[in-house]
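Chemist: Chains A and B are the protein sequences, given in the same order.
Here the first sequence is numbered in my numbering, starting from 1 and rising by one per residue.
Here the second sequence is numbered in my numbering, starting from 1 and rising by one per residue.
Take the hints with a grain of salt, since some may be wrong.
Straight-line alpha carbon distances no greater than 27 Å define the calculated DSSO-like cross-link-like pairs of lysine-lysine that follow [said to hold, decoys possible]:
| id | chain 1 | residue 1 | chain 2 | residue 2 |
| --- | --- | --- | --- | --- |
| 1 | B | Lys-123 | A | Lys-347 |
| 2 | B | Lys-182 | A | Lys-205 |
| 3 | B | Lys-164 | B | Lys-390 |
| 4 | A | Lys-205 | B | Lys-123 |
| 5 | B | Lys-34 | A | Lys-347 |
| 6 | B | Lys-34 | B | Lys-299 |
| 7 | B | Lys-366 | B | Lys-386 |
| 8 | B | Lys-366 | B | Lys-164 |
| 9 | B | Lys-140 | A | Lys-205 |
| 10 | B | Lys-373 | B | Lys-386 |
| 11 | B | Lys-333 | B | Lys-34 |
| 12 | A | Lys-89 | B | Lys-123 |
| 13 | B | Lys-123 | B | Lys-141 |
| 14 | A | Lys-89 | B | Lys-34 |
| 15 | B | Lys-61 | A | Lys-347 |
| 16 | B | Lys-123 | B | Lys-342 |
| 17 | B | Lys-141 | A | Lys-205 |
| 18 | A | Lys-347 | B | Lys-32 |
| 19 | B | Lys-30 | B | Lys-61 |
| 20 | B | Lys-61 | B | Lys-291 |
| 21 | B | Lys-373 | B | Lys-291 |
Because the hints were derived from the structure by calculation, they are not lab data.
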Amino acid sequence: MTVTSMKGTAGQIVSSILVTALLVGSLVAVLEIEDQRALGICVAIIAGLSFLAPKLGILRGAEQAGAHHPWAVRLIILIGFCSLVLILKDNNFALLMIATILIYATVCLGITIQTGYAGLFNFAGAAFLGTGGYTAAMLANATWLPDIVTILLGGVIAAALGTVLILPVLRTRGHYAALTTLAFGVLFNGFLEANEMLGGPQGLKVPGIQIFGWDFSNDLVIGSLSFSFYANYVLLIGAIFALFMIFTRFIERSWIGIWLDAVRLDEIAVSVFGLRISVWKSFAFTAGNFLAGVMGAVYAKMTEFIAPANFTFGDSLLLVAIVLLGGIGNRWGVLVATMIVILLPEKLQFIQEYRLLLFACIIILLLMVRPAGLLARRVRVFEERH
Amino acid sequence: MLGSKGGVWGLAVSGLVLMAAANADGAFAKEKVKIAFVGPLTGSNSQHGIGGRNSAELAVKLKNADPATKYEYELVALDDECKPNVAVQVVTKIASDNSIVVAVPHYCSAAAIATVDIFHRFKLPMVIWAAVLPQITYAKKVPEIHRVSGTLIGQNRVGAQFMKERGYKTFVSFADSTDYGKSMNEYFTKFTNENKNEILGAFAVPPDQQDVSAELTRIKELNPQVIYFGGLTPLGTRVRTQMEKLGITAQLEGNSGIMGDAFISAVGPELAEGTLTFFDSPPLSKMPGGKFFSDNYTKAGYTQSPEAYGPFAFAATNLVMEEIERVGPNRAKITEALGKVKDRPSIIGPITFDDYGQNITPLTTKYVVQDGKWTIWEESEYATGKRKLKNLP
Numbered sequence: 001m002t003v004t005s006m007k008g009t010a011g012q013i014v015s016s017i018l019v020t021a022l023l024v025g026s027l028v029a030v031l032e033i034e035d036q037r038a039l040g041i042c043v044a045i046i047a048g049l050s051f052l053a054p055k056l057g058i059l060r061g062a063e064q065a066g067a068h069h070p071w072a073v074r075l076i077i078l079i080g081f082c083s084l085v086l087i088l089k090d091n092n093f094a095l096l097m098i099a100t101i102l103i104y105a106t107v108c109l110g111i112t113i114q115t116g117y118a119g120l121f122n123f124a125g126a127a128f129l130g131t132g133g134y135t136a137a138m139l140a141n142a143t144w145l146p147d148i149v150t151i152l153l154g155g156v157i158a159a160a161l162g163t164v165l166i167l168p169v170l171r172t173r174g175h176y177a178a179l180t181t182l183a184f185g186v187l188f189n190g191f192l193e194a195n196e197m198l199g200g201p202q203g204l205k206v207p208g209i210q211i212f213g214w215d216f217s218n219d220l221v222i223g224s225l226s227f228s229f230y231a232n233y234v235l236l237i238g239a240i241f242a243l244f245m246i247f248t249r250f251i252e253r254s255w256i257g258i259w260l261d262a263v264r265l266d267e268i269a270v271s272v273f274g275l276r277i278s279v280w281k282s283f284a285f286t287a288g289n290f291l292a293g294v295m296g297a298v299y300a301k302m303t304e305f306i307a308p309a310n311f312t313f314g315d316s317l318l319l320v321a322i323v324l325l326g327g328i329g330n331r332w333g334v335l336v337a338t339m340i341v342i343l344l345p346e347k348l349q350f351i352q353e354y355r356l357l358l359f360a361c362i363i364i365l366l367l368m369v370r371p372a373g374l375l376a377r378r379v380r381v382f383e384e385r386h
Numbered sequence: 001m002l003g004s005k006g007g008v009w010g011l012a013v014s015g016l017v018l019m020a021a022a023n024a025d026g027a028f029a030k031e032k033v034k035i036a037f038v039g040p041l042t043g044s045n046s047q048h049g050i051g052g053r054n055s056a057e058l059a060v061k062l063k064n065a066d067p068a069t070k071y072e073y074e075l076v077a078l079d080d081e082c083k084p085n086v087a088v089q090v091v092t093k094i095a096s097d098n099s100i101v102v103a104v105p106h107y108c109s110a111a112a113i114a115t116v117d118i119f120h121r122f123k124l125p126m127v128i129w130a131a132v133l134p135q136i137t138y139a140k141k142v143p144e145i146h147r148v149s150g151t152l153i154g155q156n157r158v159g160a161q162f163m164k165e166r167g168y169k170t171f172v173s174f175a176d177s178t179d180y181g182k183s184m185n186e187y188f189t190k191f192t193n194e195n196k197n198e199i200l201g202a203f204a205v206p207p208d209q210q211d212v213s214a215e216l217t218r219i220k221e222l223n224p225q226v227i228y229f230g231g232l233t234p235l236g237t238r239v240r241t242q243m244e245k246l247g248i249t250a251q252l253e254g255n256s257g258i259m260g261d262a263f264i265s266a267v268g269p270e271l272a273e274g275t276l277t278f279f280d281s282p283p284l285s286k287m288p289g290g291k292f293f294s295d296n297y298t299k300a301g302y303t304q305s306p307e308a309y310g311p312f313a314f315a316a317t318n319l320v321m322e323e324i325e326r327v328g329p330n331r332a333k334i335t336e337a338l339g340k341v342k343d344r345p346s347i348i349g350p351i352t353f354d355d356y357g358q359n360i361t362p363l364t365t366k367y368v369v370q371d372g373k374w375t376i377w378e379e380s381e382y383a384t385g386k387r388k389l390k391n392l393p
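Looking at chain A on its own, in the form it has when it is part of the complex (with noise of 0.2 Å):
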């Protein structure tokens, strides 16, 4: 055991499992009640509870459990999310955010690896999402070939896509890194739109996911109990999710991690001591545009349509918000603040016209009160082995 445990094992199981429960007890309130007084209470008791989580050691006991014993984490985790499904089980809009909340997720742990771990900005997350989405809609003549190659397909093509920035954005720093990833996530707008192949900008009809004659667009039979066909989503979301969260996790947590820190941190320093930087950055840049284009691969066959109109750069900042809000480079942070950007806007349609107003209040105000973002990244602990 190592000495930094601080509330010993049952104590950090016990707090792992009450973050898990107020996740998910969160997400099924907020999207079950729709009564906005109800809603109201409700999200001021989340807020409540979420303040004095960390108060209570609960958040650190949780992160403590993550590091010491993942696979009771990973099996908490997943009864939380089996039970979350279970709760939803015929709900078929809840089910819908909670998919679109994990793809969104997903493609920010991909900008988590390219910002918050190797430095770079990328301001067209958006125009690699529609990569991996138009490459599925482009293959879907193409029966011959399993949806789940389909899927993979989309991730590849849009790494490829993202080799042709590699050059210039190795070639630039900071801003100006920046600044050529926003051009290009305009550019690839403006070719979409331009496109008659692809739609222009009216968009196309995708057909839904078929794997091994397993149709996702019926409904979801196990034994006795039906689910909405939006759960066949949700499930296999949640698989490519939990796959990239371990993934993200295992790159963090190896000497990858460590250099792409090192790359962020200081490149000269780095360099000195022989690491190629262009390698590292392609690395993190290529593995972080795979993740958007499978998801968006995954999206546009769940929402049987694709148009321009949702790849804009208004689009990929929201990315970006949402590992800023996250807090830069923690994994769970992109999770969270995902879901509270994907949901705040849809809870407040009651409000019309002003909820995107209120929207950006909202977030303004979150970042007043937690400037390093909701769950900032810890610094790096060395610790030693036995």
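Position chain B relative to chain A; hints supplied.
Modeler: Relative to the frame of chain A, chain B by itself:
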């Protein structure tokens, strides 16, 4: 210290609980029925969306004020931002909410075409209030889909005929590159060719392109008598103002997309003067119940104009409420009842749905801007010859 804090929290919570309880005590004499309205409430088309929302809301208010109704209606208004992915999201929301029995959706065709399948999947009947792309109703027979607004075919037929009668010979088409603009251009081309008039060139730009001076410079070279515009107000505004900058004096022929006060207030009455438009409804003052609508709209205290499609939203909302009164708040029964609507009087003229759910009796009317107002052609000073359209041969 902690105690007093807890006390304050306790008070606050109990206060909120009391408020919630107070809200629940009103016993309803009538069963409550929910209707959804979807339109662009934010973004560049929001003026039209808000105008439509207000009109639909007005229809519900007036209905609820009538003691003879069987149900009490509630309008749930949602914002689709004219984006297909947001439209899919909000329509999934209303479609999977069983308390909503019918919807009045969509201003933008791009949003409407993306959601047709969702309405069908969840068997939620709907009546489109504005989107005019023909494929929305005519691509395939979907029992849930209906539309009170005309398709853009009629307005182009009337428009081409009208321009021929004035003696115009040469045209340039300027449309946006969505299916909507493409369809506009297609039917404009079809009817103009049928009338043996000449199209010198066709231009298509994305609806959010800010600078159209490159296209307009080329058009200036072509020197047509008429520029036909097939797009929505934001792009139309840019075309008209940039035409002026480049000194293009061609007559502007618009369509339902720029119909409404938003166009005139955006370009100013001077630039708007003489702009022609063909739109599927006579002015309200000519319609039975039209004055009733505009009087009540003003009385209800709405500050924004209902815009061109406000009356359509009002008529669509009224239509679905009439059907609910007859067959009850049941999705399947409403779908069936809407399919049989024939010669139903409304403020936009009689409504008759064909097999595809399309209203086939739009009263296409010719308009011209005169002194900052859309004026019906026959009553304008242009028709009497007191004022003249541009480039008249």
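Chemist: With reference to the structure, classify each hint as holding or not holding.
Modeler: Hint check:
1. With a CA separation close to 24 Å, the supplied pair Lys-123 (chain B) and Lys-347 (chain A) stays within the 27 Å bound.
2. For the suggested pair Lys-182 (chain B) and Lys-205 (chain A), the alpha carbons sit about 17 Å apart, so the restraint of at most 27 Å is met.
3. A threshold of 27 Å between alpha carbons decides the hint, and for Lys-164 (chain B) with Lys-390 (chain B) the separation of about 14 Å falls inside it, so the pair holds.
4. Between the alpha carbons of Lys-205 (chain A) and Lys-123 (chain B) the distance comes to roughly 20 Å, so the proposed pair stays at or under 27 Å and holds.
5. For the proposed pair Lys-34 (chain B) and Lys-347 (chain A), the alpha carbon gap of about 18 Å is at most 27 Å, so the pair holds.
6. For the hint pairing Lys-34 (chain B) with Lys-299 (chain B), the CA-to-CA distance comes to about 24 Å; that is within 27 Å, so the pair holds.
7. With a CA separation close to 18 Å, the supplied pair Lys-366 (chain B) and Lys-386 (chain B) stays within the 27 Å bound.
8. Proximity of Lys-366 (chain B) to Lys-164 (chain B) is assessed by CA-CA distance (about 14 Å); at most 27 Å being required, the pair is judged to hold.
9. A C-alpha spacing of about 15 Å is found between Lys-140 (chain B) and Lys-205 (chain A), which places the hinted pair at or below 27 Å, so the restraint holds.
10. Straight-line distance between C-alpha atoms of Lys-373 (chain B) and Lys-386 (chain B) comes to about 17 Å, which keeps the hinted pair within the 27 Å bound.
11. Pair hint Lys-333 (chain B) plus Lys-34 (chain B) holds up; C-alpha atoms about 15 Å apart against a cutoff of 27 Å.
12. Restraint check for Lys-89 (chain A) and Lys-123 (chain B): satisfied, since their Cα atoms lie roughly 19 Å apart, inside the 27 Å limit.
13. A C-alpha spacing of about 14 Å is found between Lys-123 (chain B) and Lys-141 (chain B), which places the hinted pair at or below 27 Å, so the restraint holds.
14. The straight-line distance between the Cα atoms of Lys-89 (chain A) and Lys-34 (chain B) is roughly 24 Å, inside the 27 Å bound, and the hint therefore holds.
15. Among the hinted pairs, Lys-61 (chain B) with Lys-347 (chain A) is consistent with the structure: their alpha-carbon atoms are about 24 Å apart, no more than 27 Å.
16. At roughly 22 Å between alpha-carbon atoms, Lys-123 (chain B) and Lys-342 (chain B) fall within 27 Å of each other, so this suggested pair holds.
17. Distance restraint check for Lys-141 (chain B) and Lys-205 (chain A): the Cα-Cα separation of roughly 17 Å lies within the 27 Å cut-off, and the hinted pair is therefore satisfied.
18. Using a Cα cut-off of 27 Å, the hinted pair Lys-347 (chain A) and Lys-32 (chain B) holds, with the two alpha carbons roughly 22 Å apart.
19. Taken as a hint, the Lys-30 (chain B) and Lys-61 (chain B) pair is honoured in the structure, with Cα atoms around 15 Å apart against an allowance of 27 Å.
20. Our distance criterion of 27 Å between C-alpha atoms is met by Lys-61 (chain B) and Lys-291 (chain B), whose separation comes to about 17 Å.
21. Note on Lys-373 (chain B) and Lys-291 (chain B): the hinted pairing holds, with a Cα-Cα distance of about 17 Å set against a maximum of 27 Å.
In this structure, every one of the numbered hints holds.
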